[in-house]
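Asks: Here's the letter readout for the chains.
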Amino acid sequence: MTMINDLDRFERVKKSGSIHYAMEAKKCIADIKDEVHSQLSSMEYFYDIMENIIHEPESSDTEEKVIASMCIHVPVELIYAAGARPVRVCGGAYATDQVGADFLPAKTCPMVKSTAGALYLGLLPGRVKPKLVVNPSSCDQKKKLGEVVSGFDDEFYLLELPPNKDTEESREYWHRVVKRFAKKLESVTGKRITRRNLKKAIKLVSTAQGRYRHFHKLRSQAPVIFGKDAILITNAFFFDDLARWTEKLDELNREMELRIEKKKHVVHENAPRILLTGSPAIFPNLKLPILIEKMGGLVACEEYCSSSRMLTDSIAVDEWFLYDMIPAIADRYLKPSTCPNFSPNEDRIRKILSMIKEFNIDGVVYQSFTGCQLYDMESITVGKAMDEINMPTLYLESDYNPDDSGQLITRVEAFLESVKNK
Amino acid sequence: MVRTKHIFTLICLLMVSNSLHGQPIWLSNRIPADAERSIKPAGMHHLASESKGRGKVKIVQWLMQGERVEDAAYFVQDSTTIEALVFAPSGKKVEHKLDSLNQRTILSFSNPEEGFYNEYVVIKKVSGDTLYYAIAKGELLNHSCRNGHAHVREMMPYKVYPQSIPFEIVRKRMVHEDFHYFVSSGEEISYSILLNGEPANGILTKLSTEKGWINSRRTDDSGEVSFQFLQDYFTPWQEINNREEYTYVLFAKTTIPEIGVFEGLPYNYIKYTASISDAYRPAKTFYQSMFWSIIVLLLTTIGTILAVYYYRSRRNRPFKEIIFDEAN
Amino acid sequence: MKRIKQYIDQANLSRFRTYFQILAFVVIVYGGYLGINIGDKTPAFACPYSPGSSGTCYLVAVQHGLHLEWSSLFGFRGLALLTGLGTFVLFFVVFNKAWCGFVCPFGTLQDWITKLRKFFGFRFSRYDEASFKKLKIIKYVFLVLLILIPLAMSNSFFGLPKVSDDMSAPFCQICPGRTIAPLLVGDTSEIFVDFTNKTTMVMSVLGLIFTALFFVGSFFKKRFFCFFCPMSALQYMFSKVGVLRLTKNGDNCTRCGNCSRVCDMGIASIADDIVSTNAVVDDCMMCFKCVEACPEPDCLDVKVFKGNIFSSTSEGFFKRYGESELADQSKK
Amino acid sequence: MKYFIGIDIGSTSIKVVIIDEDKKIIAKGTAATGYHFNENTEDVLKSLFAEQGITEEDIGYIISTGYGRKLYKRSDENVNELSANVAGAVSMGNNGVPIRTIINVGGQDTKVISVSEQGEMQNFVMNDKCAAGTGKFLEMAAHNLELDISEFEALHMEARYEPLPVNSTCVVFAESEIISLLGAGHKRNEIVSGLHYSIAKRIVRLAARAKVQDGVLFDGGAALNKGMVEALETELMRKVYVNEMPQMTTAYGAGVLAIKRWQKVQDA
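Read top to bottom, the protein sequences are chains V, Y, P and A.
Residue numbers for the first sequence follow my numbering, beginning at 1 and rising by one.
Residue numbers for the second sequence follow my numbering, beginning at 1001 and rising by one.
Residue numbers for the third sequence follow my numbering, beginning at 2001 and rising by one.
Residue numbers for the fourth sequence follow my numbering, beginning at 3001 and rising by one.
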């Protein structure tokens, strides 16, 4: 059943939606490359794949199976092992946000609306047609989204995340969920997960993580890249071919190493180093990091599930057999995760504190989308933790519409000033 | 049963009276029941010793007489002269004492060194035209693991003193023997008889054990004789104590024509009677069975494998529910 | 210096440990034939029942040493016991519990049995948390019995009759070491059921059961016997003052659980405990697989006095667990 | 004699302050923001110039602040209203008590700023995207009660001890609630004091997120209304100061900053 009454309205909305989406993407890349720009040559690759994010790639082999995932808790290793390609379809565009708003309650989180709109219009990165949309039950609105949009032609699969990740029961429960998911993947893709291809998949993802961790270390050594570029890179990880992404990141690492030696920094020393955390910045909604860096701050690092949270914890497998690899994969997505849907979530606070120490952060900007209760609630505990180390924290609430930068500018400018004279 | 025992002792007394000097003498490590409390078996080889405070431990050995070990009589001190000789493992003579402890002749000396102490008691008596030359010998091993086991290999071989003891029995060492070795029944023990340091063939030897088992054999032409320690008794299962030690003695006697004078009396022949006493234990392996151990091993292995298989197959069964006790 | 440290941090410690274990196995089990003698206070299972052994496991000295009346125990004879303990502690303190992880021949044997299982592709078992806590106590029960029985053999406790001498070296009689060590040098003399009397019968059957359990157990659970070994309980009393230390820096830990997954002993506290710095618990055998598997830089460190000789690094981690063939091409 | 102009282009009204070199207020004026706020600002400036007889050359430096600060062409520099507010409040001073917290209830937003001893902005909290607890709320209430905001003060004093609980989560719903209260026969003064207390509660809850320390200054348009001040004091349980022209503080701050920038330009 289509939500919107007649079919041609759907076609019209789809066409205008994709145009708006493409324009938004172009505008975001243009904003990133405006006068405050890191001029890293190896970033060009990331700029153009992100710019035509929803264009049909020329060499798309048709029979390739794609599994759409809506959160970091989807084990991508299993998807690669089952011979499919994972694409993360969290929405970041205002265009699809408006489409999603048609059939979702007003107070829904903009990312959920945007994802729903993208799924409805089929505007997924690379215009892929997913065989299965895997939806972990992390935030509540995303969990219920599965039912609301189940009317579309994509098949939805719920991955039940335990609410508490410390107890052994929840770990065992999650292991069973992941094993059932592996079986589901095998039936969807028709290819059996064997020891060899799972090991190859783990190593593939782990190599990418290795490169990113090196990138993360370089960023902590010297301000040689802007935060907005770093977030762009991890957003590219959503849908790009992993081997190519790893190679390109490797080139970027080498270029950054050169810059560190030549001390070619993108900002002067006393630019305030900001930690971004809270609701994730998903391309093309990078307005906050862009704004902060236009105002003279530097996003030194970000604790987002669209960036470091996705790529930092890697798998160590003791015995390369399925009976040890699958629990290892399951553990990797549960135990170290700092997603606020788990309670208690001291890990996130410890992660933020260790990032503050590693990147010697001057100020923390905590962004939560309007309607996102998880990050709103967590802002209390994080706020308390920040007070203890009297770290200036700016709490912002914004959503995807690009024209609320008036309030943002005031708040960010005042915050940067208060950080400077601390 | 009781009556025959009496007759038996009568005969024994008769024998004792006329050929006192014919009875062989030997040194015993068994502590008589009425010995004072301070004499106790000490050390790894349970040598009867009297401890007078720290460090001053003195070995005490009793001189016995008679061929039947189980009811041999204690040697009663009489006019005949008795000499004793004790050599330390290093070959040095050790100061010793021969005296009597409530009418029994005892030989005592202290044994600080590690290794075999050779103790000899010699009785010489001329009667008729023969010199009766009785030699009782004992090799007492003194060892404590605390002194380590580095020196064991070179202290192992036996030592002989032909210049002072003309006729001697020596227990040949087993190949893998070390200081932890106990003669145990079922083993083939071989001895060699030395006359003036040379192995003597054709000597009649007699082995007599505490359990009454007596066997005699002649030495072969290389002067060696070996006995299979027969498990000559089978104690009922409840009484088995594989730590119990029983004494056994090996006697040898020979007569050689030699003319000489001893204590003013001339003699034409010398009749040597030599003895060596030691302890043996029931063999450890008597009551050990590898057959049963294989059964136990197999049972446990198969049992555990089945248990693991069953435990692992429960994974296929659905999730184990939490059970609540209905008793109110 | 820095490059050496970097090389060590990224080295494949498990391979080094396997070779070291082989070397230690030969030295301890066959050292006796080569004239090596490492004394009778060894903190590892150098089992004296096997003629080839180059030393004696300290538990033997403990059980024989304690076979004393109270008078001499607290007299001069007891002094020998203390000096023995002193030598053991001095030996032990140097490598701390790495004696179990690197040197003990029976630990090595169990690791080889694990490799055999991996060859056949059988799944390993792990204790869940509840049974882990319960079974953990068994090694302390063994240690207490191992100390009390010899004492009870030479003194009567509360007027009870003395324990019979057949129970001498009680733990040795039931220890799988007694039966396996001579087997390793081809001497099957220790494999028997001793019918001499009830005590020896029970003890020898128990010994055989433990031997069978040792083999079957370590086939299904990694380092099965080390979890019940009284030597590790005895060592743990002195592990706090060990020279070799394994420290954890809780701030860098993201609780990803890698360390407790690769831990052969199945210790969970290494991953969940982010407060205490000394990461060595009583079951730990300091094989340092956890340090290899930790992706966080400087989170787990192996320290000697103050300097750390081997610490977890992300480069090392990715070299061991991460790199795939793909990475080698891009490295050209 | 050089003059310095601070212009605060707020969401509802424009405030202009002219001060001389030693920060003495020469002239001040307000006007509605409206759509042509550029022209409105020019008119106010012209009227003040004419009144004081100031010519173009006498003007040293102009700083604009507030929402429209970037859009006003003639200003030499623009500063965000938080730092302007702090500068104004600190230099105005309030009879010797050091200011450690500023609560500014403007037209469209409510700001709570905590100030360090050295008089610099330490931390601040702003209400999120909702007009509840701002000047707009009072404006709308006045419209419904057919009253003028200036009368609120007297009405509040009449019923200062029995405020009606008015829920102020949302400006629009509050309107229907006021009408229903009027229908139920409640008197206007109870409703007005109820409004004041509900806004005060909201502001105190917001302020709790930034450390509130003694030395609280209440400024912005709503501070003119004494009833509002009293309500805030009782809810906050702290002494609340109001300087003589609370609405002009931010504009005055902009002027003070203009002097500082001008001096820096002169020295360079």
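Source of the hints: derived by calculation from the structure; they are not laboratory data.
Using N, Cα and C, we set each Cβ at its ideal position, and we do this for glycine too.
Mixed in with the good hints, there may be bad ones.
Claimed, not checked - Below, a list of computed lysine-lysine pairs in the BS3-like style, where the Cα atoms sit at most 25 Å apart:
#1 3073(A) / 3226(A)
#2 1211(Y) / 1172(Y)
#3 3073(A) / 294(V)
#4 1093(Y) / 1172(Y)
#5 3226(A) / 3187(A)
#6 15(V) / 27(V)
#7 420(V) / 3002(A)
#8 2162(P) / 1040(Y)
#9 143(V) / 200(V)
#10 3002(A) / 3028(A)
#11 422(V) / 3260(A)
#12 248(V) / 2319(P)
#13 217(V) / 2134(P)
#14 200(V) / 2115(P)
#15 2005(P) / 2303(P)
#16 65(V) / 179(V)
#17 2118(P) / 199(V)
#18 200(V) / 33(V)
#19 2115(P) / 217(V)
#20 2115(P) / 263(V)
#21 3024(A) / 420(V)
#22 217(V) / 2002(P)
Stated by the list, open to error - Chain V side only, calculated, beta carbon under 10 Å to chain A, not exhaustive:
#23 346
#24 350
#25 354
#26 381
#27 383
#28 389
#29 392
#30 393
#31 406
#32 407
#33 409
#34 410
#35 414
#36 422
Asks: All the hints need checking, so say for each whether the structure fits it.
Replies: Okay, the hints, checked on the actual structure:
no. : hint              : result
1   : 3073(A) / 3226(A) : violated, 36 Å
2   : 1211(Y) / 1172(Y) : holds, 23 Å
3   : 3073(A) / 294(V)  : holds, 21 Å
4   : 1093(Y) / 1172(Y) : holds, 23 Å
5   : 3226(A) / 3187(A) : holds, 20 Å
6   : 15(V) / 27(V)     : holds, 18 Å
7   : 420(V) / 3002(A)  : violated, 31 Å
8   : 2162(P) / 1040(Y) : holds, 19 Å
9   : 143(V) / 200(V)   : violated, 31 Å
10  : 3002(A) / 3028(A) : holds, 16 Å
11  : 422(V) / 3260(A)  : holds, 20 Å
12  : 248(V) / 2319(P)  : holds, 20 Å
13  : 217(V) / 2134(P)  : violated, 43 Å
14  : 200(V) / 2115(P)  : holds, 22 Å
15  : 2005(P) / 2303(P) : holds, 13 Å
16  : 65(V) / 179(V)    : holds, 20 Å
17  : 2118(P) / 199(V)  : holds, 16 Å
18  : 200(V) / 33(V)    : violated, 37 Å
19  : 2115(P) / 217(V)  : violated, 36 Å
20  : 2115(P) / 263(V)  : violated, 50 Å
21  : 3024(A) / 420(V)  : violated, 29 Å
22  : 217(V) / 2002(P)  : holds, 18 Å
23  : 346               : violated, 21 Å
24  : 350               : violated, 23 Å
25  : 354               : violated, 23 Å
26  : 381               : violated, 13 Å
27  : 383               : holds, 7 Å
28  : 389               : violated, 14 Å
29  : 392               : holds, 6 Å
30  : 393               : holds, 8 Å
31  : 406               : holds, 6 Å
32  : 407               : holds, 7 Å
33  : 409               : holds, 8 Å
34  : 410               : holds, 5 Å
35  : 414               : holds, 4 Å
36  : 422               : holds, 7 Å
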